[in-house]
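Colleague: Residue strings, one per chain:
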Amino acid sequence: MPKQTFVLNGRTTTVNVADDVRVLWVLRDILGVTGPKYGCGINVCKACTSHINGKAFNPCAVRVGDLKPKDRITTIEGLADTAPGDLHPMQQAWLDLDVSQCGYCQPGQIMAAVALVKKVRREGREIQESDLDGIRNICRCGTYPRIRDAIRQGAARM
Amino acid sequence: MTDTFRHEPEARGDDTTTTDGDASGLRRRTFMGWVLAGTTLTVAADLGLARPAAAVIPSGPQVADVYDLEDAQTDSALPTSQLIQITITEQGTAEFELPRTEVGQGILTSTAMIIAEELDLPVSKVKVTMAKARPELLFNQLTGGSNTTFSTYTPIRVAAAIARQQLLEAAAILFGTNADRLITVGGVVRDTLGNEATYGDLAVDAAKQVVEAVEVVLRPESKFRTIGKPQSRLDARDAVTGKKKFTGDLKVKDALPTMVCRPPTHRGSPQALQNQSQIERMPGVTHVAQIPTGIAVRAKTFGQCIDAIRKMQVTWNPGSAAAESDETILAELRAAEIPLAVPEVDLPGVVKTVETDCVFAFKSSAALEPYTAIADVREDSAEIWAGLKAPIVAQQDVARDCGLSPSAVTINVITGGGSFGHKLFGDHAREAAQASKAMGVPVKLMWHRADEPRQGRLHPMATSRVRATVVGGEVAAFEQRHTSILMDWSHGFGDQLTSVADELPPQLGGYTISQSIFALTQQLPYNFGVVDQLLNETLTPGDAVDERFASGSMRNIYSPDVRTAAELTVDKLAKLAKKDPVEFRLAHLKDPRVKAVLRKVAKEGNWGRRMPAGTAQGVAIHKEYKGCTAVLIEIDCRPATVNRNLGPETVTGPRVTKAVIAVDPGLVINPRGLEAQMIGGCMDGIALTLTSSNHLRDGRFLEASWDNYFYTRQWNVPFETEVHIVDSDSDTPGGAGEAATGSTAAAVACAYARATGTNPTYFPIQHEKPLAFKPKSFEPSVPQSPTNGLNRTY
Ligand code: FES
Ligand code: FES
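Residue numbers (our numbering), protein chains in the order written: chain A, 59 to 216; chain Z, 30 to 823.
Simulated from the structure, these hints should not be mistaken for lab results.
Hints may contain errors.
As a list, the in silico DSS-like pairs of lysine-lysine whose alpha-carbon atoms are at most 25 Å apart [stated by the list, open to error]:
hint, chain 1, residue 1, chain 2, residue 2
1, Z, Lys329, A, Lys61
2, Z, Lys687, A, Lys113
3, Z, Lys282, Z, Lys272
4, Z, Lys632, Z, Lys619
5, Z, Lys381, Z, Lys601
6, Z, Lys329, Z, Lys340
7, A, Lys126, A, Lys176
8, Z, Lys280, A, Lys61
9, Z, Lys329, A, Lys126
10, Z, Lys607, Z, Lys381
11, Z, Lys624, Z, Lys607
12, Z, Lys687, Z, Lys604
So the derived label-pair ranges between C-beta atoms look like this [claimed, not checked]:
hint, chain 1, residue 1, chain 2, residue 2, range
13, A, Asn111, Z, Leu247, 54 to 64 Å
14, Z, Glu361, A, Arg69, 36 to 46 Å
15, A, Gln186, Z, Gly378, 29 to 39 Å
Just so you have them, the derived chain Z footprint on chain A, three or more residues with Cβ under 8 Å [unchecked claim]:
hint, region
16, 182 to 194
17, 202 to 208
Beta carbons: idealized from backbone N, C-alpha and C, even for Gly.
Chain A on its own, in the form it takes in the complex (with noise of 0.2 Å):
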């Protein structure tokens, strides 16, 4: 079996498993990282999003193989390890609005909610409407303006 190698919130790790497993199994399955929340298994629901080398991404769409020793993985339970303080402030801005509700979906959200902020701060500019409407997360339990209140609290405190 091979083995497979890379950073997971902070940690090198290695695991072994076939190359075509993908990331989200491996973090799920054999390392009990459960953040990150299966919803469709085929980058739809975006409920799995986590981060590499501080990009959004989503791990059921990756193979494991596909991942370099180097590759950063950050998932929901080591996002406020990349921000001073307790929590990370948008984690800190979805408490202060209570936005979950079941909170299935509120990991992959949030994650991608800080690679957003962080995208449109690459282009110079700051969240618009249209960059929430373009969000592809699903909440089925429809907090959806809940998480665009958050995101632009979260953003300013970013």
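With chain A fixed as given, assemble chain Z with the ligands onto it according to the hints.
Modeller: Chain Z with the ligands alone, transformed into the frame defined by chain A:
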């Protein structure tokens, strides 16, 4: 008083004091409860307390006006008379097991608030968990119909008040004084001399060796400090840090990932797996077994289960709907429609008939968390972990499937990732148990997303016809005939009702379960002369369940469809009378509470403002679950909006640009949670009217994932969503989980009709448009995960 709750500070709860005197001097009602034997203070109250006085059931024009689904569900608790308990620990916390299921609606938080209020303890020191299946509760462990708070409010308060009273008495002995000289402050008992003891200090002293009946009075509502103040969810931090555990996140020894290869037709069944040994040799696979619904495979990872399913060669029996499509089912509904009683009359200037005839497509009630259950079935016992809203029914089903007695089956109820009616059924728990038994090992069984809209529970297709007769300018009759494919109530909701058959209003005699629930939930609160709303369902005589479809009630049950057809008709009546829709409604509404919420949205939403062509406002009201709502919608149906191209897998269409919701829910426990439920219900209503449905073709539902089943997405979300809570001084909490769904669905339909100048008749609007997706393969039943994710980073 009205108020909008947004971004308010945390609820207090630890900085106020309470004495036992009631300043008003009024004698308040005494309730009875028990102190139970325990090592620390343990108190109990009877769930039967939920109805404070004997129910008077006057006959009225409509059943639900006087006795509704919540009453029926609450009365079903009475004969069982079972106890709920609160324990005070030596750490000074209060522990309570709620016989209801948290699926995102916030009941663990609101229940903690109720206990904190009566016990005078900070909310953070109340630990509410979900009870395992408790068969002795019979019908009183079912979460649905927005009934939780209504049916548990008083019993929980009584138990908490008894606990506080017992702590005061224990402190009085300790301090050598009388209990009425003592006060409680956020979990501490004090006297005026400076003596104090925490609840934790007193928990052992207050404990009893024998059961003792005690009497208590409840805190007057005027002194509430926690109830009615905005409180954030108690699990919010766990949710945003990834610590919140759902069933699929639990580690149960040896419970490896398990998935099921499912038939190509809805409710088909497996004949045989042709290549079992090939599948068993695949990487990661440990076990393969046939169960009644398909071929289950257990592997090291879910990805390897998917790989195995895609290689399976299975012969199938077709489902019994194999010959059916949307068109044939619609024809069946049309044939089953019962005639309207009032004849269609058109006498120019004297009598005018206004008609509405709407079709509502099948819809999937699937939550974001797919059906997931862990099962460990042994020779003589079974243990299940799953999100289940009717755990007692699941316990019985699992016991029967595994040949065990119910007492040998332990059901652990896990917080669900959404429900919307989906988790009323224990389909996932049964499959997991069947797979575990067949394989002889524990399993963590999860449905693939593609399985959910194809094989999962559906809100059945229905038609709703309305005929209103206007005589001399006045509405003289309003008839509604709702015709539906039979709804499956076998999850226990039906048993709840039959258990109180004698208590039900006599008008319900001879009704089916569905008709009873329809009559208990539908109210048309307008003065429209003779009002008559009736449900009938297609069913083969003698059948209790329509085996062709996995049907089930979905958030707000019949109301979104019924209210949409009714409110569209009200708009037509207003137009005929040349009246403004809000003015017309206000002139005909009977109930001042409904009028108040309608006035609120009209004012806050700036009703009647000038809007560009192709855009419009729409308004609707709904009365149900001891409360009422009004919703004002603004919609944009201009081509530039409707035809927005946001890429593949994306249905844009008309956009609701603004939603203003006013709710009078009765007594408000947690305004922040209530607002969340209104927002969520509103997002559902938008989807129901505009985008989300299942297409039935030749016994197959075409939708297979969220890129086919178009639930509301960010590009469909209003730019502004406002919730206004209108307080009517009610002392009874109503239901919140569903209240905004029906009224939003109806308001969106009314706005759409006004913006487009059309008379929409098929919902959701998207359903009749050309398919916006390419159906995924039926064999294999699950799609392969893509591998190009690294090209789609941002
Ligand atoms: S599970 Fe990865 S996008 Fe849905
Ligand atoms: S909070 Fe339940 S799916 Fe988003």
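Colleague: Any of the earlier hints contradicted here, and which numbers?
Modeller: As far as the earlier hints go, 2, 14, 15 are violated by this structure, in ascending order.
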